[in-house]
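> Sequence:
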Amino acid sequence: MRHVIALDVGGTGMKAALVGADTASSEGTPPVLLYEARRPTGRERGPEAVVEAILGFAAELRELGTARYGAPAAAAGVAVPGIVDERSGTAVYAANLGWRDVPMRALLSERLGGVPVALGHDVRTGGLAEGRIGAGRGADRFLFVPLGTGIAGAIGIGGRIESGAHGSAGEIGHIVVRPGGRECGCGQRGCLETLASAAAVGRDWAAACGDPQAGAADAAKAVASGDARAHTVWQRAVDALADGLVTGLTLLDPQTLIIGGGLAEAGDTLFTPLREAVRRRVTFQRLPSIVPAALGDAAGCLGAGLLARDLLSTEVTP
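Under the UniProt record's numbering, the first residue of the sequence shown carries the number 1, and numbering increases by one thereafter.
By construction, these hints were calculated from the structure, which means they are not laboratory data.
None of the values given here were measured: they were computed from a predicted structure.
Incorrect hints may have been included.
Stated by the list, open to error - Using C-beta positions, here's what the derived DEER-type ranges look like:
1. G98 <-> R189: 19 to 25 angstroms
2. D22 <-> D268: 38 to 44 angstroms
3. G159 <-> A224: 33 to 39 angstroms
4. A207 <-> G180: 17 to 23 angstroms
5. R38 <-> R87: 28 to 34 angstroms
6. A67 <-> R286: 49 to 55 angstroms
7. P40 <-> T283: 46 to 52 angstroms
Heads up, the beta-carbon is just placed ideally off N, CA and C, and yes, glycines get one too.
Using the sequences and the accompanying hints, generate a full structural model.
In structure tokens:
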């Protein structure tokens, strides 16, 4: 069976799949996942080890596909975090992995025997999948915002994801919503992700409840049970998130706001107060639909498979 390799690289783990390549992805047909696997990135061993882990994982998938289907993968797609230059195929910078200016596309293509490789930003790649086969399907303009360890965004316009002039479009997590507030890893203070990411909510709830092991999921459960301390922590995060989202919708005028990541798993505990908080803040802006992401943590891997399939349909080579 003709197939492609899909890799989604996170801060601590990698998700991968062999994906069927015979159906045109542009028509919105979900990719057929033939095989799935996960591995740690091994970031504690340094950036060079992470790169080698990615290349080795891809090579294993190539061998597996060859053994199962009689031919190696026809292309590969990989999604990585940080600043990504999709045009040159360079992983420019990732704070949580420690690398700079890694020619990821060229390295992967060489390790995979010269097949075409597409490189994408993890959130923009997830947004591609949500736009084509997930919660953004049918929306001409959408903003996809996953709330995880950090916060980023993917801007969907006319069936494509905007990467920007320098590979950093959509970094909504670094909009300053509380000037002079908490210090962010980017060097600013009061960034959205310091207040409304799953990591931030977990940290704030751990401090409020006195349990250093508590996380965002525990905060959501406490909110649902009526805990006043949890409600205070949660509402603070929701208000900050609403401020950031209203800035985004003022600039982009999307039809749909798609909220994903770990915090979105709280369901109505998040979406009910968030919709109300955004509604209170809009004035002249048209209120978009605010919906949960449909693809969960598979979005990045599915998007990487779509990128690889697009290479075949457009005959692009690295």
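> Against this structure, judge whether each hint is valid.
Cross-check of the supplied hints:
Range check, G98 to R189: Cβ separation about 24 angstroms, and the 19 to 25 angstroms hint holds. For D22 paired with D268, a C-beta distance near 39 angstroms keeps the hint of 38 to 44 angstroms intact. Checked against the given bound of 33 to 39 angstroms, the beta carbons of G159 and A224, roughly 38 angstroms apart, stay inside it. Between A207 and G180 the Cβ separation comes to about 20 angstroms, which falls inside the hinted range of 17 to 23 angstroms.
Evaluation of the 28 to 34 angstroms hint for R38 and R87 yields a pass: the beta carbon distance comes to about 29 angstroms. The hint said 49 to 55 angstroms for the Cβ distance between A67 and R286, and at roughly 53 angstroms that hint holds. Evaluation of the 46 to 52 angstroms hint for P40 and T283 yields a pass: the beta carbon distance comes to about 47 angstroms.
Of the numbered hints given earlier, the model fails none.
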